[in-house]
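What follows is the residue order along each chain.
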Amino acid sequence: MLYRENGQFKTSYRADQQIFPILQDRLGILVLLAAAFVLVPMLASDYMFRAILIPFLIMALAALGVNILVGYCGQISLGSGAFMAVGAYGAYNFFVRIPGMPLVPALILGGLCAMVFGILFGLPSLRVRGLYLAVATLAAQFFADWMFLRIKWFVNDSPSGSVSVSNLQVLGFAVDSAASKYWFCLAILCVVALLAKNLVRSAIGREWMAIRDMDVAAAVIGIRPVYAKLTAFAVSSFIVGMAGALWAFVYLGAWEPAAFNVDVSFRLLFMVIIGGLGSVMGSFFGAAFIVVLPIFLNQFLPLAAGLVGLSVSTEAASHAELMIFGTLIVWFLIVEPHGLAKLWSTGKQKLRLWPFPH
Amino acid sequence: MKLRMKLLALAAVAAAAASLAPSAAFAQAKEQFFPLLSYRTGPYAPNGTPWANGKQDYLKMINARDGGINGVKLTWEECETGYATDRGVECYERLKSRPGMTLIDPQATGITFALTEKVDKDKIPLITLGYGLSVAQDGNAFKWNFPLMGSYWTGADILIQYLGKKEGGLDKLKGKKIALVYHDSPFGKEPIPLLQERQRMHGFQLELIPVTAPGVEQKAAWLQVRQMRPDYVLLWGWGVMNSTALKEAQATGYPRDKMYGVWWAGAEPDVKDVGEGAKGYNALTLNTAGTEPKVIQDILKYVHDKGQGTGPKDEVGSVLYTRGVIIQALGVEAVRRAQERFGKGKVVTAEQVRWGLENLALDQKKLQQLGLDQVMKPISTSCADHMGSMTARLETWDGKKWNVQPDYWTADEQIIKPMVKAGADKYLADKKLTRRPASDCTSD
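Quick mapping for you: the protein sequence lines, in order, are chains U and Z.
Each residue of the first sequence is one higher than the one before, starting from 16 at the first, in our numbering.
Each residue of the second sequence is one higher than the one before, starting from 27 at the first, in our numbering.
Bear in mind the hints are in silico, worked out from the structure with no lab data behind them.
These figures come from a predicted structure and were not determined experimentally.
There may be inaccurate statements among the hints.
[Stated by the list, open to error] A few chain Z residues that don't get close to chain U, going by computed Cβ distances all over 10 Å: (1) K147; (2) E216; (3) Y280; (4) D324; (5) A387; (6) R419; (7) K426; (8) Q431; (9) W435; (10) E439.
[What the hints assert, rightly or not] Here are the in silico distance ranges between beta carbons for each label pair: (11) R112(U) - E377(Z): 30 to 38 Å; (12) V143(U) - K245(Z): 24 to 32 Å; (13) A194(U) - E377(Z): 41 to 49 Å; (14) K56(Z) - M338(U): 56 to 64 Å; (15) S408(Z) - A194(U): 55 to 63 Å; (16) N171(U) - K192(Z): 34 to 42 Å.
Idealized CB from N, CA, C, for every residue including glycine.
With the rest of the complex left out, here is chain U (with noise of 0.2 Å):
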């Protein structure tokens, strides 16, 4: 009733071509936005921000770029976590090498050393595809690994092979406070979401997904494999070197190589298919999932049991923590294969039948 496009028609191409067609949509993500610049910073407590909205934004713009590379252009990448690093340790050598160097341009800078190395592995992808592609790039997780623990320069001459970064500023702005952190990330991943979003949407975004329904089809249509498979590594590991930068700078302020390591590479794919593979919304569902889901678990499970009168120890909270996750990882599989954002279309789809459906 309320969600319906009738009565919008579209005059020009360029009305027809935006991002949200529908009026609804349109105002839904204004006000969505609007809540999360001001409504939230006004709510949120100290906890909210700083251990699950900074990190939620900032693996939300992580889980975009590998959807760019997985979802998009179905190259699976097991070294999402390695293009982190480069991102972190490549922006945190220019802050610290460069005096004076503003944080944004490191941060973009950061991007663009992950961008390198991800053009780098994505190399094999003109090969290998499919699962031996993902063993390839895991060789990226494990070189990236090793390259921060054992080149000292990368590290700054630390002794102890762990960096930190203090005194962030934006224009004359510290971003310090938690308040501030969150505008900061949420700045970026909007802005990098758009333009992700108009990409994908974009000449080269349907050669990705080409490329990713059936790469032959696509090779004699005239798309070039190669062109396309090395953006897109290069799109996608700018966009998670960049959340690679951010999360060391923002949310860890110090960190060794450990802070991007194998686990990380699992979760960002997880994220991904979890979320929807090919779409953007999903991977702001998918972070939502892997990153809130375990905190929210590890709080309410001595909560639930305590309102039936049981004591659960922090080992027995833990481990069920994992067990509810696993489970929960595959039983949204099994219902929804196409991840939460088809959930998320099929709920829009009820909702415009609403209150009448067949």
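Here the structure of chain U is known, so what remains is to put chain Z in place on it, guided by the hints.
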């Protein structure tokens, strides 16, 4: 079906809101809150568990025996980190704003590095007994960090001194080959600068052999050891890495009595599986083990005999359990010290606890009262020295239990001090920070 799903969803949302909302319900007077970060899961769980049990049991014992600290009840909440930095940061953020927040002990070097960036803004003292950042000993530079009782630099220094004595003088180390088999993480890399300094002084040959975390695969490392035939192996491991290293040493035939572990590589879980195979293996230790000390007896009497123990009773008094007890005892004594100054029987703030930690003075008599006199050496901290004590002992595994050698070894201040100063200065310069003014030491 649909209705049920909706109800479920609703319940989930409500529960999410409830559990993620700031916990205002905890606001109760006269309670001192201790956050307990622990890891009872993952590759480090065998070592993390007794440690966490000791920390919790001591708090229970103080509540049961003394009714808290001068009437202030102790409360705590455990948070599982799994030794992962991001989860540790989450735990810290979750617990830091609880009323009566005292101090934080992250139990992991990686989390310590991340929290070092945060504690000075939040004004919460960070204690890292026997681990963490070595340069944080300099309290004038690191106002909120307390690497009590030792860092990896003091540990490595003591081991070199010991080896020197064994050879008949530090000058006899010239030309000897010493291999450091280390956990490839900040934890394992911390001792390297000190060892390199000592290498320059005595002219021994230092071989660095990294082991990828968590250290279940060490074939390559021990092949290197076999080829190099070092005179001594220093083992800087944690968790499953230690027992694996000992098994590999056994397999390669490297004599175990030439292996020396850090104090995190000298607990029961490290050697128990290897048993006789680890006979002769030595490690540093910050504390004794066993149930004889009075403090352990009290824990057994007031906590475990009442069925309120945190872990299995037979693990009470193990090496890491006792270390957990010491950590918590120092925390509790810091609160007591802060109360002496800021008001007895009052809940002290984290900032006041910081003062207490900086002015800890536990002499032999005080330790005796605490029941810790046989367990550890007296410790006294100051503004300039946040470590309080640089002594440790060595212990040897005889196949069944750890035997602590009677001699205390003290790290050489002449070497440690300039290194700490230089390291702290570099840290401050990198961060564009300045040292605390002298007035900061005396006033609060």
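(request) Would you pick out the hints that fail for this structure and give their numbers low to high? (result) Hints 1, 2, 13, 14, 15 not satisfied by this model.
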